[in-house]
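Q: Chain residues, written in single-letter form:
2 protein chains.
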Amino acid sequence: MISPSIKSQFEAIVGKENIMDSPAQRLVYSYDATPNIQAMPDLIVAPRSTEEVVKIVNVCQKGKIPIVPRGSGSNLCAGTVPIAGGVVLLFKHMNRIIEVDEQNLTVTVQPGVITQDLIETVEQKGLFYPPDPSSMKISTIGGNINENSGGLRGLKYGVTADYVMGLEAVLANGEVIRTGGKLAKDVAGYNLTQLLVGSEGTLAIITEATLKLIPKPESKQTMLALYENIDAAAQSVSNIIAAQIIPATLEFLDQPTLQAVEDFAQIGLPTDVEAVLLIEQDGDSQVVERDMRKMATLCTASGAISVQVAATLEEAEALTTARRAALSALARLKPTTILEDATVPRSEIANMVKAINEIADRHQVKICTFGHAGDGNLHPTCPTDARDLEEMERVEAAFADIFERAIQLGGTITGEHGVGMVKAPYLQWKVGATGIAVMKGIKQSLDPQHILNPGKIFTEDARKRLVVSS
Amino acid sequence: MISPSIKSQFEAIVGKENIMDSPAQRLVYSYDATPNIQAMPDLIVAPRSTEEVVKIVNVCQKGKIPIVPRGSGSNLCAGTVPIAGGVVLLFKHMNRIIEVDEQNLTVTVQPGVITQDLIETVEQKGLFYPPDPSSMKISTIGGNINENSGGLRGLKYGVTADYVMGLEAVLANGEVIRTGGKLAKDVAGYNLTQLLVGSEGTLAIITEATLKLIPKPESKQTMLALYENIDAAAQSVSNIIAAQIIPATLEFLDQPTLQAVEDFAQIGLPTDVEAVLLIEQDGDSQVVERDMRKMATLCTASGAISVQVAATLEEAEALTTARRAALSALARLKPTTILEDATVPRSEIANMVKAINEIADRHQVKICTFGHAGDGNLHPTCPTDARDLEEMERVEAAFADIFERAIQLGGTITGEHGVGMVKAPYLQWKVGATGIAVMKGIKQSLDPQHILNPGKIFTEDARKRLVVSS
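Going down the list, the protein sequences come from chains A and B.
Each residue of the first sequence is one higher than the one before, counting from 1 in the numbering used here.
Each residue of the second sequence is one higher than the one before, counting from 1 in the numbering used here.
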């Protein structure tokens with residue numbers, strides 16, 4: 001699809017050393033962290049500046065060549081699978097932290113910065129960037145912005161969108177826009193910043209971002225509450241929120257997840273209980289003490305059989321690190337791991353967990369559930385085998401039922417993973433035909449040739465899950 | 001413009017009693033809180049339900065009749081002036097607080113709810129809705145959402161946009177969309193919720209909103225720091241933020257504003273100083289105590305000649321109420337009051353205040369300045385007389401210079417008042433021709449006939465300020 005003449009144009013822009021198109025190299029960028037979906041790009045380009053991105057886009061728009069911006073490919077919705085071929089745009093050179101502005105509490109970054117590097121850099125200055133997706137050790141900020149990534153601290157601190165103050169982005173027509181700025185308030189026209197956040201690379205290519213920082217909380221405590229039944233854990237979540245305590249983290253893990261995580265991390269997690277809640281509070285030390293005490297009492301009153309506060313920072317860190325490893329741990333069980341993130345109003349957590357288990361029974365599939373209980377954002381996860389087509393059909397049917405139930409409970413098909421290809425068939429369930437028509441209109445106005453990450457968010461193939469091979 | 005047959009269609013939808021079209025009634029809705037801009041609507045309609053809004057829109061789209069949704073008309077950008085005639089849509093019947101959900105910490109409202117009523121209702125349940133525009137006693141939530149209103153608590157708590165979780169809205173084609181929900185996380189497609197917030201009624205008619213609530217802070221303290229020069233006040237703002245304290249409120253008033261407010265409110269404000277900062281902190285009582293102590297020290301070190309903490313809640317309330325009355329107070333000085341809200345990164349507050357004073361001197365106009373210093377959101381205000389055309393030209397030129405300087409400092413033409421008609425000529429200065437093209441593309445895709453609040457945000461008449469008479 002990409003002619004030698006087009007290739008030489010790319011080479012003239014970024015240099016030969018920043019272009020890859022051998023079969024082996026193309027294979028590497030044919031998939032992301034999403035199981036079972038793969039498609040070969042024609043070429044991989046790594047620009048070194050916004051100007052180079054502009055030039056690349058200009059070549060692509062003339063040739064109607066698809067462009068797929070890609071960070072580390074850690075997304076779980078096949079958001080970076082180059083389903084229509086074309087160019088994968090890598091940001092490995094555009095990975096500078098341009099400025100930490102301590103007066104305005106902002107940080108300005110290029111999209112290729114690794115999330116954890118950003119977090120550590122600002123923490124050295126006593127500042128705090130809260131969004132902490134489980135993949136933060138490898139994920140990029142550009143990817144986080146495109147997917148509007150969440151994380152374990154979302155309950156109290158919100159998601160990536162809540163920290164994006166301004167963007168520089170290259171449009172499909174090769175023009176550059178700058179939105180927002182180091183501004184606590186800005187109502188100059190439509191909110192293009194928030195339109196681009198979470199748009200999965202389908203509306204523009206983000207080349208720079210100014211992010212909001214907050215003061216680093218002075219202290220943090222972590223505790224683990226153990227339950228012999230899942231309802232009691234869910235009830236604890238509701239009771240904590242209803243008591244108007246907003247903990248930094250309020251995570252749920254069921255027994256099968258606990259078992260997998262303990263086998264993987266071996267930090268002495270209990271594996272003989274039905275569920276645990278991992279609870280963190282941060283802030284002023286006295287407030288943290290008070291909230292932890294109150295939450296321990298509420299958990300016990302809701303049926304926790306044990307509540308243990310981590311004695312040391314290391315112990316606390318081990319617990320959250322283990323939680324972040326849940327997907328990796330579950331991925332060891334079977335050749336294929338399907339992880340979803342149906343999300344419901346937090347008051348419906350108990351109903352949703354119950355529904356997931358019933359649905360798993362009905363379709364005779366194993367589903368482990370963990371997730372951000374405080375956000376109502378659950379990750380039902382199915383260890384399976386893509387080669388077993390009969391089982392895959394049952395898995396498919398089970399997840400469709402899970403999405404349907406989430407919608408019935410006032411929820412959504414995806415809380416933080418994005419639509420990409422895997423949720424596209426279900427998007428209409430959440431936003432309706434009218435919502436999709438509005439989104440398509442916006443897409444059409446910004447990218448009339450559909451060169452920006454085509455085949456994502458929208459699909460002709462509603463409801464049925466897509467499985468694609470190269 | 002509206003024929004008897006169209007009028008009878010409206011009557012059939014909402015009943016005769018919910019239609020107004022006498023000259024006196026039309027005159028009432030020919031202007032809003034913005035000085036010097038007026039245009040007569042053809043008809044005023046007050047629907048009682050979303051279904052009635054749909055029917056009204058269907059009549060309007062067939063007849064290409066402009067629709068201007070209007071809350072209380074307290075906006076300051078001529079956002080609700082029916083510049084192209086047509087229908088003004090009133091929400092006086094759609095003013096119910098539908099549900100306060102204590103489990104999910106949300107409130108669901110119709111657009112006609114008065115902001116202060118909402119705030120008081122949720123506070124009775126120990127919950128908190130932070131956005132508090134100065135007009136909150138009369139403004140509606142629908143208006144707040146359409147303008148993305150700020151307020152005194154914006155520094156710590158953000159603006160209206162930060163609290164809108166979901167919307168129901170009627171599109172220009174008469175279809176109804178529902179965005180978001182009671183969901184802490186939702187990434188199902190583009191963020192239409194945040195696209196509609198602040199879109200000033202130009203993209204859709206908001207008919208219901210689900211808003212985020214937070215626990216009500218347990219305590220609050222208020223203090224006043226007095227300054228003999230403006231730089232010292234601005235320096236205090238920078239030092240407080242750089243010390244990583246985020247107060248709930250950090251307001252600036254210069255001497256002329258202080259004088260006007262004291263004449264109006266008579267609560268014993270000092271009028272012989274150059275500037276004051278009104279500072280509030282809320283939260284856990286010990287944290288509040290600590291922050292207030294630290295901020296008092298920082299203010300003194302930056303040159304405050306006096307720092308006084310309000311002794312009682314009543315005294316504190318009197319101070320913030322006086323601040324909220326600043327516009328009303330200044331409006332008494334001269335027949336016309338032009339109030340703007342140029343906004344800069346908070347580190348540039350001192351430079352911006354200095355620039356405003358220099359610009360006022362250069363154009364020989366009186367400009368009083370107050371505003372949300374912690375947000376970098378200033379309200380330079382000019383008491384003038386619209387009948388004095390020569391002076392109005394100088395006022396015009398001065399504000400153009402102020403916007404230009406704000407942009408140079410990394411700021412924006414409007415922090416919280418919106419673009420409407422009065423900032424439309426300057427929008428390109430902030431977002432560029434490309435930004436405007438993108439916004440126009442979105443507008444075109446959602447409202448191809450331009451029936452929704454036409455003549456707002458976009459203008460043919462760039463840079464020159466519009467002054468229109470009926």
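There could be a bad hint or two in this list.
When chains are identical, the list treats them as one kind, so a pair holds in a single copy or across two.
Listed next, the in silico SDA-like pairs over lysine to any residue satisfying Cα-Cα at most 25 Å (straight line) [as the list claims (entries may be wrong)]:
#1 K440 to R332
#2 K64 to N36
#3 K156 to E218
#4 K156 to L127
#5 K156 to Q244
#6 K366 to E274
#7 K55 to N95
#8 K216 to V288
FYI, nobody ran anything at the bench for these hints, they're computed from the structure.
Q: With reference to the structure, classify each hint as holding or not holding.
A: Each hint, compared with the structure:
1. Taking the shortest Cα distances, K440 and R332 never come within 25 Å of each other, neither inside one copy (39 Å) nor across copies (50 Å).
2. For the identical chains of this complex, K64 and N36 are neighbours neither inside a copy (27 Å) nor across copies (50 Å), given an alpha-carbon limit of 25 Å.
3. In the homo-oligomer, the alpha carbons of K156 and E218 lie at most 25 Å apart both inside one protomer (15 Å) and across protomers (17 Å), since each shortest distance falls under that limit.
4. Taking the shortest alpha-carbon separations for K156 and L127, both the intra-copy value of 16 Å and the inter-copy value of 15 Å come in at or below 25 Å.
5. In the homo-oligomer, the alpha carbons of K156 and Q244 lie at most 25 Å apart both inside one protomer (12 Å) and across protomers (18 Å), since each shortest distance falls under that limit.
6. For a Cα distance limit of 25 Å, the shortest separation of K366 from E274 inside one copy, 15 Å, qualifies, whereas the shortest one across copies, 71 Å, does not.
7. Proximity of K55 and N95 under a CA criterion of 25 Å is satisfied intra-copy only: 19 Å inside one chain copy versus 52 Å between copies.
8. For the identical chains of this complex, K216 and V288 are neighbours both inside a copy (14 Å) and across copies (17 Å), given an alpha-carbon limit of 25 Å.
The earlier numbered hints that this structure contradicts are 1 and 2.
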